[in-house]
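Residue numbers (the working numbering), protein chains in the order written: chain A, 132 to 642; chain B, 63 to 219.
No lab work stands behind these hints, which were simulated from the structure alone.
Hints are not guaranteed to be accurate.
Claimed, not checked - Simulated pairs of lysine to any residue, SDA-like, Cα-Cα distance not exceeding 20 Å:
(1) A:590 to B:177
(2) B:201 to A:538
(3) A:559 to B:127
(4) B:125 to A:146
(5) B:201 to A:183
Stated by the list, open to error - Derived list of chain B stretches under chain A, where covered just means 3 residues or more per stretch with a C-beta under 8 Å from a C-beta of chain A:
(6) 79-87
(7) 91-97
(8) 104-113
(9) 125-139
(10) 146-159
(11) 172-180
(12) 190-202
Claimed, not checked - Here are some chain A residues pointing at chain B (derived, C-beta under 10 Å):
(13) 144
(14) 307
(15) 347
(16) 473
(17) 552
(18) 610
Positions of the beta carbon are idealized from the N, C-alpha and C atoms, including for glycine.
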Amino acid sequence: MFENMQGALNELFTWSSALGLFIGVVGGMIIGALPGLSATMGIALLIPITYGMRPSAAILMLAAIYTSAVYGGSISAILIHTPGTPSSAATCLDGYPMAQKGQSLHAIGISTTSSVIGGVISAIALMLIAPPLARLSLKFGSTEYFLIAIFGLTLIASLAADNMVKGLIAGFFGLAVSLIGTAADGSSRFTFGITGIMGGISLIPAMIGLFSISQVMIQADERGKEPVKLEEAKIGGRFLPTGKEFIRLIPLILECSVVGVFIGILPGAGGDIASWVGLNLAKNQSKHPELFGTGIVEGVAAPEAANNAVTGGALIPLLTLGIPGSSTASVLLGGLTIHGLAPGFELFDKYADITYCVILGFLVANILMGLVGWAAGRYVTKVSKVPIPLLIPCIAVLSLLGSYAATRNFADIWVAIIFGLIGFVFRKYGVPTAPIVLALILGPMADSYMFTGSNIAKKAGLSFWQYIPTRPLSIVMIILILLALLSPLLSKSISKNYEKKHGKIEAAEDD
Amino acid sequence: MHKTRIQDLVIGLVVVALGVFMWIQTVVNDMEAQSRSFSRFVLGVFILLGAILIVISVINARKPAGKEVTIKEFKNPMIMFAIIVLYAYLMTVIGFFPATLLFMPAAMIYMGYKRILPMVCVTIGMNLFIWVLFVYSLKVRLPKGASFMSFLRFLYQ
């Protein structure tokens, strides 16, 4: 790892990387603070801007948006009692009461400190865990990669915990769409003679349509309605925690960060579940659990450390095995693929300079996030006052432009528009859209590895399904798939437990 | 039957119909065995899920399921969708920047925004941002609108 650091530092200390880092941190914070805009949508929308950038700067910018948006969500949670992302819902419970007591700046300061520590710990975990895990991926054959794709697809169950059947319909709709084009064996499928889709449905325009254009259509329903006046708490209190307070909080922050990293690695359990687990942990350890919900610093520190620690954790399976742990991570995977980077050992070997630059940059992004939060966090909620009618056309223009800029193919604009309509209809009828993206990415992977695996199995005189149990690593993968299928039940029970006690807190759809 | 269940029933029927249509394509079209088996696996589960949704809707016919969606809720989004489609079409006719200069104020006015100055500033600012980033820095050749160019050429001649 250390032998690659020199090259990584050279990549990191370039103007493009520094600019990507800064835009990612500031942009992510704004996106996170805006209720209605999610990190997923922000990344999908900004991927086109990265086309002309160096891959290291591009991925760095997207990763910075991810971590910074999770933090940005807490600012609106504290100041206007509206979590910008679901990850910040738990922060509302103590953050807003703190703000009402005139300690809003202090709550933001605690959130900033905890988020930075959580993010930095997750970046260190990413640096230490990802390279050996990537080396392990060298032992994987086509059956294991097929099972990894299936493992990733089990996330559909967790992404659709509210309505499993509709979520699975969305996932299999995505898989059906991924069948369009040229199959792994070279034959063409479901193209109906249209040459434009011979290469398959382009991922980026589909993603932009599903997340951004559908959002434009949903916001259009607000036409003519009086905007909801959000009650903003007055800015007050000291920003940074006192020395005594910091010493008291640090064990909790560290513990929640480690838990957050672990949750991030688990497929399906994202920042939202981590923040509730963090809060639960703080409450269980507290001598005064009855004070939670009245505006205490522990209630802000624990969820914020945990949810930011998830970001680095989620990058571990993403970079090493290509398994996106959440909808945001699946969009990030899309960003990797458009820059010609495939997750796995190659990323830590052939492209080590880029990968380690991203990992180091991710560490720096978390620190920069703290500095920007300290300097400008209190002003970030001002962006939530930007009139929606001014914002909508900008998102629409960037969506169509982004779809076109990927391939310079005008047909992709129509792909984005059609998927925008599909996304809107799906969301209206309670069918989640994130599983479609996941299936669009993992469907072709499963198809291709099943094809290769079948050929190998044939040589051994077995069918593909008979061949799988003959490989020990495949059996481990099957066990992991079964465990992943159970994880939504865990997250659902924890969320329900908290909703029962504290009431439901609405937030954006994705984290 | 509760309205929300009718919604789910319709979704289930559409899923089954789409799945069956695609399944038929695997029969009608000449496909390699491997490609056909993966496609049929995916489509088979897709159809099954649609059927499950239909059965759930029928069994729980009187119980509500989620939020009821009215036709009225589609009006504004569909008009916005039509504006976006028109914008995309205009790009092919008059080019990206003229189309964007028309689309942005039109969409803002449709959304009920009335203040001229912010409208003009955001529209011009956005076009400038795109020009600097995509055209100047990234050298992306944005749609120029073939018909518009030939119209200009016609005027020039």
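Among all the numbered hints in the text so far, which are the ones the structure does not match? 1, 4, 13, 16, 18
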